Amino acid sequence: MKAPRGTVDLLPEETAKWQYVEKMLKDICNNYHFYEIRTPLFEHTEVFQRGVGDSTDIVQKEMYTFEDRGGRSLTLRPEGTASVVRSFVEHKMHGYADQPVKLYYFAPMFRYERPQKGRMRQLNQFGVEVLGSSDPAVDAEVIDLAMSCYQELGLNSLKLIINSLGDQESRESHRQALVDHFMPYKDELCSDCRVRLEQNPMRILDCKTDKDHAAMDTAPSVLDHLNAYSEDYFEKVKNYLTLMGIDFEVDANLVRGLDYYNHTAFEIMSEAEGFGAITTLTGGGRYNGLTEELGGPATPGIGFGMGMERLVMALEAEHVAIPSENELDCFLVAVGDEADKASVRLIHDLRKNGIQIDRDYQGRKMKAQLKAADRYRAKYVLILGENEVDQQLVNVKEMKTGNQEEVPLNQAVAYMQEKLSGGNSNE
Numbered sequence: 001m002k003a004p005r006g007t008v009d010l011l012p013e014e015t016a017k018w019q020y021v022e023k024m025l026k027d028i029c030n031n032y033h034f035y036e037i038r039t040p041l042f043e044h045t046e047v048f049q050r051g052v053g054d055s056t057d058i059v060q061k062e063m064y065t066f067e068d069r070g071g072r073s074l075t076l077r078p079e080g081t082a083s084v085v086r087s088f089v090e091h092k093m094h095g096y097a098d099q100p101v102k103l104y105y106f107a108p109m110f111r112y113e114r115p116q117k118g119r120m121r122q123l124n125q126f127g128v129e130v131l132g133s134s135d136p137a138v139d140a141e142v143i144d145l146a147m148s149c150y151q152e153l154g155l156n157s158l159k160l161i162i163n164s165l166g167d168q169e170s171r172e173s174h175r176q177a178l179v180d181h182f183m184p185y186k187d188e189l190c191s192d193c194r195v196r197l198e199q200n201p202m203r204i205l206d207c208k209t210d211k212d213h214a215a216m217d218t219a220p221s222v223l224d225h226l227n228a229y230s231e232d233y234f235e236k237v238k239n240y241l242t243l244m245g246i247d248f249e250v251d252a253n254l255v256r257g258l259d260y261y262n263h264t265a266f267e268i269m270s271e272a273e274g275f276g277a278i279t280t281l282t283g284g285g286r287y288n289g290l291t292e293e294l295g296g297p298a299t300p301g302i303g304f305g306m307g308m309e310r311l312v313m314a315l316e317a318e319h320v321a322i323p324s325e326n327e328l329d330c331f332l333v334a335v336g337d338e339a340d341k342a343s344v345r346l347i348h349d350l351r352k353n354g355i356q357i358d359r360d361y362q363g364r365k366m367k368a369q370l371k372a373a374d375r376y377r378a379k380y381v382l383i384l385g386e387n388e389v390d391q392q393l394v395n396v397k398e399m400k401t402g403n404q405e406e407v408p409l410n411q412a413v414a415y416m417q418e419k420l421s422g423g424n425s426n427e
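Numbering follows this note's numbering, in which position 260 of the sequence shown is assigned residue number 260; successive positions increment by one, without gaps.
In case anyone wonders, no lab produced these hints; they're calculated from the structure. Quick caveat, the model's predicted, so the values are computed rather than measured. Cβ coordinates follow ideal geometry from the N, Cα and C atoms, glycine included. Be aware that one or more of the hints could be misleading.
[To be verified] Listed next, the in silico DSS-like pairs over lysine-lysine satisfying Cα-Cα at most 25 angstroms (straight line):
{"hint": "1", "residue 1": "Lys352", "residue 2": "Lys397"}
{"hint": "2", "residue 1": "Lys208", "residue 2": "Lys61"}
{"hint": "3", "residue 1": "Lys92", "residue 2": "Lys117"}
{"hint": "4", "residue 1": "Lys186", "residue 2": "Lys117"}
{"hint": "5", "residue 1": "Lys159", "residue 2": "Lys211"}
[Stated by the list, open to error] FRET-style restraints, in silico, Cβ to Cβ:
{"hint": "6", "residue 1": "Asn31", "residue 2": "Thr279", "range": "22 to 30 angstroms"}
{"hint": "7", "residue 1": "Thr15", "residue 2": "Tyr229", "range": "17 to 25 angstroms"}
{"hint": "8", "residue 1": "Ala368", "residue 2": "Thr280", "range": "17 to 25 angstroms"}
{"hint": "9", "residue 1": "Asn31", "residue 2": "Glu90", "range": "25 to 33 angstroms"}
{"hint": "10", "residue 1": "Cys207", "residue 2": "Glu273", "range": "23 to 31 angstroms"}
{"hint": "11", "residue 1": "Arg377", "residue 2": "Gln60", "range": "23 to 31 angstroms"}
{"hint": "12", "residue 1": "Thr280", "residue 2": "Glu152", "range": "43 to 51 angstroms"}
{"hint": "13", "residue 1": "Glu90", "residue 2": "Glu273", "range": "43 to 51 angstroms"}
{"hint": "14", "residue 1": "Lys61", "residue 2": "Ala228", "range": "36 to 44 angstroms"}
{"hint": "15", "residue 1": "Glu152", "residue 2": "Asp251", "range": "32 to 40 angstroms"}
{"hint": "16", "residue 1": "Ala228", "residue 2": "Leu11", "range": "34 to 42 angstroms"}
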């Protein structure tokens, strides 16, 4: 039996890296005053059809959709924003006294696509969403948070790309210009782009199949169709980023793949050597209008999704060392039946007092148990033999120095607490 195609097992040595990264990301979110939200693994299919958009590849090709026993259509979550906005609307978070509502999440997502390195059918995402403010300073803050996540983890080879998709009026103007431009080439476009020409022509600019078509080079730029409000909004976002010392490039062809985006769109790329052909680490943007699509009041929003697999890949590509936390406080070596029995209570008491400890469960001899303590990188080894049990003592050996001391069993907990907190009971 093997894991299904497009899924992977994260073994303990890998999960240790992920736990470190996740803790760092949570700490950063706390500094930015964001709160964690957890939504269901699956939603009513309509949440993604209305939220992500019927014309997107996610909805048309990539969703895992099924009927439950009641005949309801459900879908495994393919992205995080629609679920968070659904929850925001359902629980009337728009009525909270403190606005905007600033949320983050860690969640598995599911997309049926050809598996590639760093892009699996079950993927894991870290994401943030800010709902309740149309201030361009919020756009800059969200981008700053995303950049900080990478930089504080130690990544340097980063490139930030931004664009403006404009408000609804600007998008409609650009949409018509794209239709007029691409219609003469309709028969030369791929089947997907022929459909996009009718449903969402902006997504033609994001097509991988037709990217080298001559018409792409002369396609009208969305920046040339921004009205005064959208142009001013984009200028403010750029000014805020500049004030924070964040470098960026403007790319008029950055459109993102989801229907709900408007105004600011951005991506963060890795430029690390050996990272791979697909360089995007994070994508996000503003989505004013999404809460209305999901039955809520008009509420502006912005957010991003960050692939955890690709983040770990980027750390490896830049040879960022993730601190090891796989040292063990104590390992107990028991020799003999009476020592084995006495160790049960001792280990229990140590653990109840916050001390990390393990022991041998294979019935191995003392030498083999000591080797196990080395493999676990134990700071201290507690040795119990028949003589120690008779004298109600435990032999404590500090592995780093080799120093060894006999400690009364009834004082072992206090002794180890002092040792592990940096105290020295010999003084």
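Hint check results:
1. Lys352 / Lys397: Cα-Cα ~21 angstroms, so holds.
2. Lys208 / Lys61: Roughly 15 angstroms separates the two Cα atoms, so the pair holds.
3. Lys92 / Lys117: Outside the cut-off at roughly 39 angstroms; violated.
4. Lys186 / Lys117: 33 angstroms, violated
5. Lys159 / Lys211: 21 angstroms, holds
6. Asn31 / Thr279: 22 to 30 angstroms: 27 angstroms, holds
7. Thr15 / Tyr229: 17 to 25 angstroms: Since the Cβ atoms of Thr15 and Tyr229 sit about 47 angstroms apart, the hinted range of 17 to 25 angstroms is violated.
8. Ala368 / Thr280: 17 to 25 angstroms: 49 angstroms, violated
9. Asn31 / Glu90: 25 to 33 angstroms: Since the Cβ atoms of Asn31 and Glu90 sit about 29 angstroms apart, the hinted range of 25 to 33 angstroms holds.
10. Cys207 / Glu273: 23 to 31 angstroms: 28 angstroms, holds
11. Arg377 / Gln60: 23 to 31 angstroms: Since the Cβ atoms of Arg377 and Gln60 sit about 51 angstroms apart, the hinted range of 23 to 31 angstroms is violated.
12. Thr280 / Glu152: 43 to 51 angstroms: 20 angstroms, violated
13. Glu90 / Glu273: 43 to 51 angstroms: 46 angstroms, holds
14. Lys61 / Ala228: 36 to 44 angstroms: 38 angstroms, holds
15. Glu152 / Asp251: 32 to 40 angstroms: 25 angstroms, violated
16. Ala228 / Leu11: 34 to 42 angstroms: With Cβ atoms ~56 angstroms apart, the hint is violated.
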